[in-house]
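Engineer: Below, each chain spelled out in residue letters.
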Amino acid sequence: MHFEWTNLVIVIVAFLILYWLLNRYAFGPLFSVMEKRRELIKQQMDEAAQTRNQATQFVEEQKAALQQARKDAQDIIEQARQTSNSQAEQLINQAKEESLRLKNEAARDIETEKNKAVAALRSEIGAVSVQIASKVLQKEVDPKAQEQLVDNYLKDVGIRQ
Amino acid sequence: MHEAPIVQIAGLKFDLALILTVIVSGIIVFALAKLATRNLSVENPGKLQNFMEWVVEFVQGLISSTMDYKKGAPFLSLGLTLIMFIFVSNMLGLPLVVPFKYTDPAAANFFGLPLTTVLDGLNSGKEYVEVGWWKSPTADAASAMGLALIVFVLVHFLGIVKNPKHYFGHYFKPFFFFFPINLIEQFSKLLTHGMRLFGNIFAGEVLISVLLKMSTLWFGVGAVASVLGLIVWQGFSIFVGTIQAFVFTILAMVYISQSLETDEDH
Chain A
1 MHFEWTNLVI VIVAFLILYW LLNRYAFGPL FSVMEKRREL IKQQMDEAAQ TRNQATQFVE
61 EQKAALQQAR KDAQDIIEQA RQTSNSQAEQ LINQAKEESL RLKNEAARDI ETEKNKAVAA
121 LRSEIGAVSV QIASKVLQKE VDPKAQEQLV DNYLKDVGIR Q
Chain B
1 MHEAPIVQIA GLKFDLALIL TVIVSGIIVF ALAKLATRNL SVENPGKLQN FMEWVVEFVQ
61 GLISSTMDYK KGAPFLSLGL TLIMFIFVSN MLGLPLVVPF KYTDPAAANF FGLPLTTVLD
121 GLNSGKEYVE VGWWKSPTAD AASAMGLALI VFVLVHFLGI VKNPKHYFGH YFKPFFFFFP
181 INLIEQFSKL LTHGMRLFGN IFAGEVLISV LLKMSTLWFG VGAVASVLGL IVWQGFSIFV
241 GTIQAFVFTI LAMVYISQSL ETDEDH
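Protein chains in written order, with our numbering: chain A, 1 to 161; chain B, 1 to 266.
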């Protein structure tokens, strides 16, 4: 076995050259590629996590929207029910009012007709009674004074009635 | 054992087999890494890129098991280079042995440079000298120590620059007179770090060459035994080589984490 000091130096020099060459031409690019892949994977994982969060958020939002829609529908139904109730009531009230008005009108009409009839009857009776009286008396009574007389009489009768 | 093909240039001895195999394993590691990172894709990685990323994640696991990963991230490239280079180096010596038999001193040269180990052997009266031109770079004490020395220097540099109070303080803990023991500990760490790797791989290769030599014994019985032994031992050597690459790297990370840790951490 020999121990040559030159071997030691040769190996050191060769090793250092090899180290420099590998570092410069092989490992440097390889490390950067590995680093890039690491970053890519990290980025993708981040993205996946983000997407998942977004999805969860969307689902939450959807749920909330659905809840809201359900509530809105309920409200609308409720409102419709209330409106219909109040409308029905209103209609009934209107109908009642209308009928009352019609009734009153009818009563008033009857009254006026009655009054008219009474007035007509009164004048008729006056004239007839004058004619009767004149027929009976065979003489001409002043029709004006006679009418006055009958009128007074009828009024008395009317009050008594 | 085969001799190493050593030449002398300007008074310095160079082990040609080591130079060859270090360059080869460096080229294999770089080619593998480059091939794996040729068509890099973020979303659709190829098979080789997946494999390379698995290695990176494995080393990241080693680092985060020894220290806070944020602190250890700068040493990811170092850990990767260590584990890949040592693994490939450990495997390199397993598939083939290229022995070369020299009998003539005149032929024992490499492009005109004489192979000193061969000449020494022949001059000392041997009939021939076998030279191994192929081996694991890590099956050499000096080169394994070189790798350990890189980690050692890095660890102490980090300790002094990043964490000087703890670094200088820990030599005198728990008591002042523990200083020599702590000092020895530091150097024993260096020594065991390199020698563990060297020993495991070297022993593996020794046994492989022993098994190969066995093939000529006992008229064919040795050959059968040699093949069976090689099958088992090669498999085990792959396992050992993998484990040693892992152990060397995780120890480097442990030492680095020790140099980075602060007193406040406890």
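Please keep in mind that the hints were generated in silico from the structure rather than gathered at the bench.
Mixed in with the good hints, there may be bad ones.
As the list claims (entries may be wrong) - Here are the simulated lysine-lysine pairs, PhoX-like style, with alpha carbons at most 25 angstroms apart:
#  : chain 1 : residue 1 : chain 2 : residue 2
1  : B       : Lys126    : B       : Lys189
2  : A       : Lys36     : B       : Lys47
3  : A       : Lys155    : A       : Lys114
4  : A       : Lys42     : B       : Lys70
5  : A       : Lys103    : A       : Lys116
6  : A       : Lys36     : B       : Lys34
7  : B       : Lys189    : B       : Lys173
8  : A       : Lys36     : B       : Lys213
9  : A       : Lys42     : B       : Lys189
10 : A       : Lys155    : A       : Lys144
11 : B       : Lys71     : A       : Lys42
This one's a predicted model, so the numbers in the text were calculated from it and none came from an experiment.
Engineer: For each hint, tell me whether it holds in the structure or not.
Structural biologist: Hints and how they fare:
1. Our distance criterion of 25 angstroms between C-alpha atoms is broken by Lys126 of chain B and Lys189 of chain B, whose separation comes to about 40 angstroms.
2. Straight-line distance between C-alpha atoms of Lys36 of chain A and Lys47 of chain B comes to about 18 angstroms, which keeps the hinted pair within the 25 angstroms bound.
3. Between Lys155 of chain A and Lys114 of chain A the CA atoms are separated by roughly 16 angstroms; this keeps the pair inside 25 angstroms, and the hint holds.
4. A C-alpha spacing of about 19 angstroms is found between Lys42 of chain A and Lys70 of chain B, which places the hinted pair at or below 25 angstroms, so the restraint holds.
5. Under the criterion of a C-alpha separation no larger than 25 angstroms, the hint pairing Lys103 of chain A with Lys116 of chain A is consistent with the structure, at around 20 angstroms.
6. Distance check on the hinted pair: Lys36 of chain A and Lys34 of chain B sit about 19 angstroms apart at the alpha-carbon level, within 25 angstroms; holds.
7. The straight-line distance between the Cα atoms of Lys189 of chain B and Lys173 of chain B is roughly 17 angstroms, inside the 25 angstroms bound, and the hint therefore holds.
8. A threshold of 25 angstroms between alpha carbons decides the hint, and for Lys36 of chain A with Lys213 of chain B the separation of about 54 angstroms lies outside it, so the pair is violated.
9. Taken as a hint, the Lys42 of chain A and Lys189 of chain B pair is broken in the structure, with Cα atoms around 41 angstroms apart against an allowance of 25 angstroms.
10. The hinted pair formed by Lys155 of chain A and Lys144 of chain A meets the criterion: a straight-line CA distance of about 16 angstroms does not exceed 25 angstroms.
11. The straight-line distance between the Cα atoms of Lys71 of chain B and Lys42 of chain A is roughly 22 angstroms, inside the 25 angstroms bound, and the hint therefore holds.
In the structure shown, a violation is registered for the earlier hints numbered 1, 8 and 9, in ascending order.
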